[in-house]
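**Q** All chains should be built: construct the whole structure from the sequences, respecting the hints.
The listed protein sequences derive, respectively, from chains A and B. For any residue, its number in the working numbering is found by taking its place in the first sequence, counting from 1, and adding 2. For any residue, its number in the working numbering is found by taking its place in the second sequence, counting from 1, and adding 2.
Because the hints were derived from the structure by calculation, they are not lab data. Treat the hints with care, since some could be wrong.
A pair counts as met if it fits within one copy or between any two copies, since identical chains are not told apart.
[As the list claims (entries may be wrong)] Calculated pairs, EDC-like style, for lysine to aspartate or glutamate (alpha carbon to alpha carbon, straight line, at most 16 Å):
no. : residue 1 : residue 2
1   : K180      : D119
2   : K180      : D89
3   : K168      : D114
4   : K69       : E49
5   : K75       : E45
6   : K75       : E49
There are 2 protein chains.
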Amino acid sequence: MIAYPRRQQELRSLVQRLGVAQLDAINWNLMDLALIHVTFSAERNYEQLEFVGDAVVKLAAAEFLLKAYPQLKVGEFTALRSVLVSDRILAKIADSFGFDRYLLVAASAKSDPAGRDSRLADSFEAVLAALYLSTQDLSLIRSWLDEQFQPLAEEILADPARQNYKAALQNWTQGHQKTLPEYRTQETGNTHNDPHRFVAEVWIQGRCLGQGMGRSRKAAEQAAAQEAFLVLSRQES
Amino acid sequence: MIAYPRRQQELRSLVQRLGVAQLDAINWNLMDLALIHVTFSAERNYEQLEFVGDAVVKLAAAEFLLKAYPQLKVGEFTALRSVLVSDRILAKIADSFGFDRYLLVAASAKSDPAGRDSRLADSFEAVLAALYLSTQDLSLIRSWLDEQFQPLAEEILADPARQNYKAALQNWTQGHQKTLPEYRTQETGNTHNDPHRFVAEVWIQGRCLGQGMGRSRKAAEQAAAQEAFLVLSRQES
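**A** Below, the structure written as C-alpha cells:
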C-alpha cells in the first residue's frame, strides 16, 4: 500500500484510463515506482522497472503482430516491431494517456523539453513492467495495448513505400538531407537459401539506422532500408 | 500432436534434459516448429518463434538479474544482459544441451560451419518462445534457465576489469588489433543529474560495439566501453 491516499487515487485513475479492469491484481508499489523519475528520487525510481519493461513491450508487440498479421514475413515483423516499440511511438502513447500528470519529476528536469519524450517512453515501459510483474504475465497489458498498436500498425502497413524501401529511403534522404544512404553488406556464410546469408547495414550521415538479413544481397539491403525508412518516417509524423 | 512418434520422443527427451518438469503443459507442435531450420522447410520453420523468443530471453534474463543481483546499477544490468542474451552465449547453452541433434537442417546448411552458432542461438530462442507460448508465462523457463545464467553472470561480475572498462577495452584493442577505441559522445539535454544526459557510442574498426548513457560524458563512455568489452571478451572464451 502506498503511503499517500492521493497518489494511490491518481494511480488508480491512470490505470483505469489505460483500460486495465482487474485493479485488485495490481502491485501498487510497483505502479508508484514506475512513475518516479530519477531526478525526483535517486534511490527509488523507475530505472530497474524500465530495464524489465523494454523486454515486456517487445514481447507484447511480438505477440500482437503474430496474432494480427500471421501472413507477414519475418523481416516485416521485425521492422514493424522496431517502429512500434520506438521511443517516439511509446512517448506518443504515454502522452495520449496524460502520463505527464502522473510522473514525479524534479522541476529542473521538467524545464528540459528535450528529455520529455524519453521520460514518457521510459516511464511507459516501466508501467508495463509493473503490470507484468503484478501477475507474471501479459494479462493486464495485451487487451488495451493491442488497441493502441492496431491503428499504428495499419498506418505503417498501408504505406505504399513498403514495397521498395531502398527507393523510398533514397527519396527520403535526398529530399531531407541531400545525401544518399550507404549500404555495408557482408556475406556471412555460403548456404544457398539461408535467410541469414547476407547481413546489411544502412548508414546515413555517419549513423547506422537499419540492419537487415536476407538470402541475397538485395534482400538484406531491402530489410535494412525498411528499418531505417520506418524509423525516419515515423520521426517526422 | 506431432505426426511422428519418434520425433515426439526426441523432443520429450530434449525438454527433460533442459529440466522442464511439467511435460503436460507443453505445446508440442510449437516445440517441433522451434527445431526446424528454414533450409529444412521454407513454410514451416522456427523463424516466427525466434522473433518472439528474442523478447522472451531478454525478459527472462532481466528477471533473473533483478532477483539475483538487486544491488547492481542499471547500467550494469544492461551490460550483463547484453552478454547473457548474445548469440555466442545462447549458442553455447544450446550446444551444451545437444541442440544439434534435435534441429532439422538441410544437409547443405549443415556443411556451413559459419552458420552453426547462429542456428543454435536462433533455435534456442525459438524453443524459449515455444515454452513461453505454451503457458503464456515464464513458468516453464525460469528455473532451468536461471541455473544456466547464474555461473555465467558470476564469471562476468568476477572480472576485475569491470571497475574501469575504458581502460580494459583499450588494453584489449591494443593487444588484439593494434587500434584504439573511438568514442562518439553527445549531450542530449541539459538537466543536471539526468542519467540520460550524455549518450556515447564506442567504435572499433568501423563497427559500433557499445552504447551507453550517463549523467556525465565519462559515465556514458564507461557504460559504452563496458558493453563493448563484455561482448569482445566473451567472444574470446
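**Q** With identical chains, the pair K168 and D114 could be close in the same copy or across copies; at 16 Å between alpha carbons, which is it: within, between, both, or neither?
**A** neither (36 Å within a copy, 30 Å between copies)
**Q** I want to check one pair: K75 and E49. Are their C-alpha atoms no more than 16 Å apart within a copy, between two copies, both, or neither?
**A** The answer is between: 9 Å across copies meets 16 Å, while 34 Å in one copy does not.
**Q** With 16 Å as the alpha-carbon cut-off, assign the pair K69 and E49 to within, between, both or neither.
**A** Result: close only across copies, 15 Å inter versus 31 Å intra.
**Q** When no copy is specified for K180 and D119, does a C-alpha distance of 16 Å or less occur within a copy, between copies, both, or neither?
**A** So K180 and D119 fail the 16 Å test inside a copy (27 Å) and across (40 Å) alike.
**Q** For K75 vs E45, is the C-alpha pair at or below 16 Å within one copy, between two copies, both, or neither?
**A** Between copies, since 11 Å is at most 16 Å while 44 Å is not.
**Q** Within a copy, between copies, both or neither: which one fits K180 and D89 at a CA-CA cutoff of 16 Å?
**A** neither (26 Å within a copy, 37 Å between copies)
In summary, the structure is inconsistent with hints 1, 2 and 3 from the numbered list given earlier, while agreeing with the others.
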